[in-house]
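Protein chains: 2
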Amino acid sequence: MSDWIAARQGRFEHFVEARLPDEEREPRRLHAAMRYAVLNGGKRVRPLLVYAAGEFAGAAEAALDPIAAAVEFVHAYSLVHDDMPCMDDDVLRRGKPTVHVAFDEATAMLTGDALQAEAFRVLAEAPVAAETGMALIRDLAQASGTQGMCGGQAIDLAAVGQSMNAAELETMHRMKTGALLRASITMGATAGCVSTAERAALEHYADAVGLAFQIVDDLLDAVATSAELGKTAGKDQRQSKPTYVSVLGTEAARRWSERLRAEAHDALSSLGPEAQSRTTRLGQLADLIVQRRS
Amino acid sequence: MSDWIAARQGRFEHFVEARLPDEEREPRRLHAAMRYAVLNGGKRVRPLLVYAAGEFAGAAEAALDPIAAAVEFVHAYSLVHDDMPCMDDDVLRRGKPTVHVAFDEATAMLTGDALQAEAFRVLAEAPVAAETGMALIRDLAQASGTQGMCGGQAIDLAAVGQSMNAAELETMHRMKTGALLRASITMGATAGCVSTAERAALEHYADAVGLAFQIVDDLLDAVATSAELGKTAGKDQRQSKPTYVSVLGTEAARRWSERLRAEAHDALSSLGPEAQSRTTRLGQLADLIVQRRS
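So the sequence lines, in the order shown, correspond to chains A and B. Sequential numbering from 1 applies to the first sequence in our numbering. Sequential numbering from 1 applies to the second sequence in our numbering.
It is possible that part of the hints are untrue.
Put simply, identical chains are the same to the list, so a pair is met inside one copy or across any two.
[What the hints assert, rightly or not] Below, in silico cross-link-like pairs of lysine to any residue (SDA-like), each with a Cα-Cα straight-line distance of 20 Å or less:
no., residue 1, residue 2
1, K241, E105
2, K96, E198
3, K96, G272
4, K43, A200
5, K241, Q162
6, K235, R255
7, K96, G230
8, K241, E26
9, K235, E258
10, K241, D104
11, K235, G249
12, K96, H204
13, K96, L288
14, K235, R25
15, K241, Y36
16, K235, I5
17, K43, R11
18, K235, Q284
19, K235, T280
20, K43, A18
21, K235, S2
22, K235, H265
By construction, these hints were calculated from the structure, which means they are not laboratory data.
With the rest of the complex left out, here is chain A (with noise of 0.2 Å):
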């Protein structure tokens, strides 16, 4: 599995390094941010999980390479856009300084803003047929708009300092991060070529682990040190952010996220053995979500 991954990881990163521009072409300030906010030495779920999804449904590897760094480029802005002063005002994200300390604001905005145009630019670039194209585009806009993560975090804006129950927090998270991981395995799925029942379970493998996901981060900013994380520890309880630790208490969130683990891997078995080895991956990916420690 740690081959695989590091595989994986080393092609994206050789990928994302070619194709961010340049930070000696102008204007290189925005591009070395935009640099910085992406090459920054991310764990790169998403883009494994698009991976898997895509080996899975026997896409081509070329054609994996653009959609693990359009849903990356995405997953970039968000943090960018979130971290700055009028969202969660953070300092520290993977270690190092977020984009607006390291650079300033207005340049934070705008790196957010190029990184979302140039994730739809490298989807309708990509080395696929335009119907396959279009899907993709269609999937990732629904994913990031406002049934999607951008609503998701609408939500979560409004909900600091109000209480939820666990269906709502549900609802929230589906949205805010579940969105997102659930169309990097549904695209890396498009890719290829699946049968209906091969995407059902896709599809409920995607929901388990975008959901499981949530719960993790939510119990490691409870749990682990901001050294461990890379990023501010502990916010949530300090922003009075409601979370499945609040919600649940930490046993409750722990034992759930192992059941939605045990879940995706019996959408993956439902395939049946003869799938077996095409679903190992994406089974492996499960493990690592849920048992990260950072």
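With chain A held as given, fit chain B onto it using these hints.
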């Protein structure tokens, strides 16, 4: 002309009114802010250019509505982000409080982000052949990104308090406002069918009109009142931003805008008398852009 404009503006308002997410649907505050940002009585210069170029190219009207919406969503998102305190810090836009004043900064940030996603979504769902859709998305992403609008804004940021010559100013504005105006014209044409010579003429027209638009903007900022403009006038000078007025002087700037208007007409005339009936609207829009008073 005013009938044609009123009809296209009416058609456009109707389309985006129905297309923008409903304020009654969650997340309501975000949806309300998106509608506030777009449905605010702008002049719709970019949509009008889309319709005029599309009608020149014989495109179906139903294909032009989503293109007009996409360019206007990008334009609207850029205004929302531009007006924020970390950028231009402006409180007035089209005669109303800016989005971060009427709502709040975090909502303004998300509104811009979500409008950009909507722009690509409306194109990805447009009733056009997939190849056409991909070309449209490439064009819009290019015009919005670091070699277009975002890049121009980054250069603009770096220019505050600096001196610029006319050539540097032109480069900045060709990116900052010219790229999206140009894309409005080329995308409208892409939805239909144009010969190589026609495309070249349209691009020449677009370059002239895009630059003329900005020169007139600079002139209006210097000479009109806030009430006439519906936005804060005299801002460029207070912010020590290089403009065509500060670099060339009012009279030379006005003469240049007139020369560009003539160039736009020449580009259309180069297609010969048989094309004249198809280029009327484009010619009239060039006049409107240069001779507007707000």
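Cross-check of the supplied hints:
{"no.": "1", "hint": "K241 x E105", "result": "between (24 Å within a copy, 19 Å between copies)"}
{"no.": "2", "hint": "K96 x E198", "result": "neither (40 Å within a copy, 51 Å between copies)"}
{"no.": "3", "hint": "K96 x G272", "result": "neither (44 Å within a copy, 60 Å between copies)"}
{"no.": "4", "hint": "K43 x A200", "result": "neither (27 Å within a copy, 46 Å between copies)"}
{"no.": "5", "hint": "K241 x Q162", "result": "within (8 Å within a copy, 43 Å between copies)"}
{"no.": "6", "hint": "K235 x R255", "result": "neither (22 Å within a copy, 57 Å between copies)"}
{"no.": "7", "hint": "K96 x G230", "result": "within (7 Å within a copy, 42 Å between copies)"}
{"no.": "8", "hint": "K241 x E26", "result": "between (40 Å within a copy, 19 Å between copies)"}
{"no.": "9", "hint": "K235 x E258", "result": "neither (24 Å within a copy, 57 Å between copies)"}
{"no.": "10", "hint": "K241 x D104", "result": "between (27 Å within a copy, 19 Å between copies)"}
{"no.": "11", "hint": "K235 x G249", "result": "within (16 Å within a copy, 53 Å between copies)"}
{"no.": "12", "hint": "K96 x H204", "result": "neither (35 Å within a copy, 46 Å between copies)"}
{"no.": "13", "hint": "K96 x L288", "result": "neither (24 Å within a copy, 50 Å between copies)"}
{"no.": "14", "hint": "K235 x R25", "result": "neither (37 Å within a copy, 29 Å between copies)"}
{"no.": "15", "hint": "K241 x Y36", "result": "neither (28 Å within a copy, 28 Å between copies)"}
{"no.": "16", "hint": "K235 x I5", "result": "neither (30 Å within a copy, 52 Å between copies)"}
{"no.": "17", "hint": "K43 x R11", "result": "within (13 Å within a copy, 47 Å between copies)"}
{"no.": "18", "hint": "K235 x Q284", "result": "neither (29 Å within a copy, 57 Å between copies)"}
{"no.": "19", "hint": "K235 x T280", "result": "neither (35 Å within a copy, 60 Å between copies)"}
{"no.": "20", "hint": "K43 x A18", "result": "within (19 Å within a copy, 40 Å between copies)"}
{"no.": "21", "hint": "K235 x S2", "result": "neither (31 Å within a copy, 56 Å between copies)"}
{"no.": "22", "hint": "K235 x H265", "result": "neither (31 Å within a copy, 59 Å between copies)"}
Violated hints for the displayed structure, listed by number in ascending order: 2, 3, 4, 6, 9, 12, 13, 14, 15, 16, 18, 19, 21 and 22.
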